[in-house]
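Colleague: What follows is each chain in one-letter form.
There are 2 protein chains.
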Amino acid sequence: MNDVGAHLGGARRAVFLPFARADHAEYAALMAERMEHIDVTMVSAHAAPVPAVAVEESDAILVGGGNTFRLLRALRQYALLDVIRARVAAGVPYFGASAGSNVACPTIRTTNDMPIVETRTFDALNLVPFQINPHYVDPPPPELRAGETRVERLREFLEENDVTVIGLREPSWVVVKDDRMTLHGAGGAVLFQRGREPESLSSGSDVSALLAAPARFDRAG
Amino acid sequence: MNDVGAHLGGARRAVFLPFARADHAEYAALMAERMEHIDVTMVSAHAAPVPAVAVEESDAILVGGGNTFRLLRALRQYALLDVIRARVAAGVPYFGASAGSNVACPTIRTTNDMPIVETRTFDALNLVPFQINPHYVDPPPPELRAGETRVERLREFLEENDVTVIGLREPSWVVVKDDRMTLHGAGGAVLFQRGREPESLSSGSDVSALLAAPARFDRAG
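Going down the list, the sequences are from chains A and B. FYI, numbering that gives the first Met the number 0 numbers position 158 of the first sequence as 157, with every residue one higher than the one before it. FYI, numbering that gives the first Met the number 0 numbers position 19 of the second sequence as 18, with every residue one higher than the one before it.
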């Protein structure tokens with residue numbers, strides 16, 4: 000979490016969004032514990048009278064993992080999408096783990112999660128113009144496969160959408176700072192683009208080009 | 000495929016729905032090859048002037064696998080949901096593989112697939128009152144995990160929905176005939192219900208009780 004501390008910079012009041020999990024209070028307590036060594040006051044949006052106001056009054060936004068559909072539904076129900084976008088546009092740091100990284104993308108179309116609740120649309124925060132596939136795993140040996148591999152699932156995504164996807168192996172993450180984006184963590188990543196072979200990326204790679212990648216989503220519904 | 004032949008009974012003209020895959024013609028050719036030993040004429044809905052009419056004129060319905068969201072979107076775009084329901088209610092046999100089994104359920108909320116395209120709603124054919132999780136896999140050893148296990152994903156589903164789920168390991172399938180349902184195949188299955196421990200089921204099990212199971216889906220969107 001030292002990298003998280005660095006990313007949050009001099010933030011004084013961080014808001015945490017625990018909505019990807021069912022038990023918000025438990026998740027908020029866990030996150031508060033993990034954040035203890037960082038000198039920042041953490042408020043959990045589930046306990047705020049109006050979650051959107053809590054986001055508005057914070058200078059850092061932390062979005063936890065769990066189920067991406069449940070998270071996106073909550074962001075919409077609590078009218079958080081626009082206020083998060085506005086805060087991030089104003090320079091407030093955003094930290095997203097797992098489902099929290101999925102919703103930072105234009106859509107949640109590259110989540111691994113089960114669609115356990117309705118979300119009306121898969122459109123999400125659009126803080127970056129590409130898609131993240133978190134917990135990326137390379138194809139297992141054929142005898143261990145059941146159903147499609149992750150590569151096959153992402154190929155299906157690219158059949159329908161002409162959008163760059165970065166598959167983040169564990170542990171790895173990207174840091175966006177102004178016009179630059181860098182890949183961090185020992186896991187490395189794999190880049191997926193329509194019509195190209197998947198490309199391996201190692202920790203430390205400059206992936207700033209993705210911030211200018213064109214994205215053409217299938218829009219039929 | 001001998002069990003498929005038995006399930007189709009004396010059908011003379013089967014309609015195949017290839018919409019879960021991107022290449023309909025290729026998939027239809029593959030399916031025709033697999034069906035060669037069964038004495039039935041197969042028409043692929045993608046090549047029919049009006050897919051709904053092709054379904055209407057058939058006495059067996061075969062739905063192939065691929066991406067469940069792409070399949071459900073096509074069923075809605077081609078106005079196939081009501082006509083399939085009507086045919087099945089009239090006694091026409093339905094065979095669904097993978098995504099084709101997901102759409103037979105009340106919703107596609109227990110698919111493993113990526114939400115690569117919009118579907119408007121996850122509501123599906125509702126031919127049975129429970130949910131199927133195809134390609135079910137038991138949790139791998141912790142050192143091989145990345146992201147949530149299937150059990151954890153199904154637990155998240157049950158947090159939001161009070162609906163029975165049958166996780167079908169490979170190879171396994173269920174056959175519904177009148178008021179009876181039986182589990183087939185060497186893989187066996189696992190039954191998931193809210194507030195209960197997962198229950199293992201072996202091939203040959205009578206699972207007719209699931210046909211009367213109450214289903215309470217979360218309806219917020």
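Because the hints were derived from the structure by calculation, they are not lab data. Built from N, CA and C at the ideal position, the CB exists for glycine as well. Hints may contain errors.
To be verified - Okay, the calculated beta carbon distance ranges per label pair: (1) B:145 x A:88: 50 to 58 Å; (2) B:215 x A:76: 15 to 23 Å; (3) B:75 x A:88: 30 to 38 Å; (4) B:214 x A:76: 22 to 30 Å; (5) A:35 x B:210: 38 to 46 Å; (6) A:87 x B:56: 14 to 22 Å; (7) B:145 x A:154: 13 to 21 Å; (8) A:87 x B:89: 31 to 39 Å.
Unchecked claim - Here are a few chain A residues that face chain B, going by a calculated C-beta distance under 10 Å: (9) 11; (10) 12; (11) 77; (12) 122; (13) 125; (14) 126; (15) 135; (16) 160; (17) 161; (18) 220.
Colleague: All the hints need checking, so say for each whether the structure fits it.
Modeller: Against the structure, the hints come out as follows:
1. At roughly 32 Å, the beta carbons of residue 145 of chain B and residue 88 of chain A sit outside the given window of 50 to 58 Å.
2. Range check, residue 215 of chain B to residue 76 of chain A: about 20 Å between beta-carbon atoms, so the 15 to 23 Å window is met.
3. Against the hinted window of 30 to 38 Å, the Cβ-Cβ separation of residue 75 of chain B and residue 88 of chain A comes to about 36 Å, which satisfies the hint.
4. A C-beta distance of roughly 23 Å is found between residue 214 of chain B and residue 76 of chain A, which places it inside the suggested range of 22 to 30 Å.
5. The beta-carbon spacing between residue 35 of chain A and residue 210 of chain B, approximately 52 Å, falls outside the hinted interval of 38 to 46 Å.
6. A hinted range of 14 to 22 Å is violated for the C-beta pair residue 87 of chain A and residue 56 of chain B, which are about 54 Å apart.
7. Remark: the range hint 13 to 21 Å for residue 145 of chain B to residue 154 of chain A is upheld by a beta-carbon distance near 19 Å.
8. Roughly 54 Å separates the CB atoms of residue 87 of chain A and residue 89 of chain B, a value that falls outside the hinted 31 to 39 Å.
9. The interface hint given for residue 11 of chain A is broken, as the beta carbon of that residue sits about 33 Å from the closest beta carbon of chain B, more than 10 Å.
10. For the restraint placing residue 12 of chain A at the interface with chain B, the shortest Cβ-Cβ distance is roughly 30 Å, beyond the 10 Å limit, so the hint is violated.
11. Below 10 Å, beta-carbon pairs count as interface contacts, and residue 77 of chain A has none with chain B, the closest being about 12 Å; its hint is therefore violated.
12. Because the smallest distance between the Cβ of residue 122 of chain A and any Cβ of chain B comes to about 9 Å, under 10 Å, the interface hint for this residue holds.
13. Interface restraint check: residue 125 of chain A against chain B, minimum CB-CB distance 15 Å, threshold 10 Å, status violated.
14. A least Cβ separation of about 19 Å between residue 126 of chain A and chain B goes past the 10 Å threshold, and the interface hint is therefore violated.
15. At its closest, the beta carbon of residue 135 of chain A sits 8 Å from a beta carbon of chain B; the interface hint therefore holds under the 10 Å criterion.
16. Interface restraint check: residue 160 of chain A against chain B, minimum CB-CB distance 7 Å, threshold 10 Å, status holds.
17. A hinted interface residue such as residue 161 of chain A counts as satisfied when its beta carbon comes closer than 10 Å to some beta carbon of chain B; here the least separation is about 12 Å, so the hint is violated.
18. Hint status for residue 220 of chain A relative to chain B: holds, with the closest Cβ pair at about 4 Å, below 10 Å.
The structure does not agree with the numbered hints 1, 5, 6, 8, 9, 10, 11, 13, 14, 17 stated previously, though it agrees with the rest.
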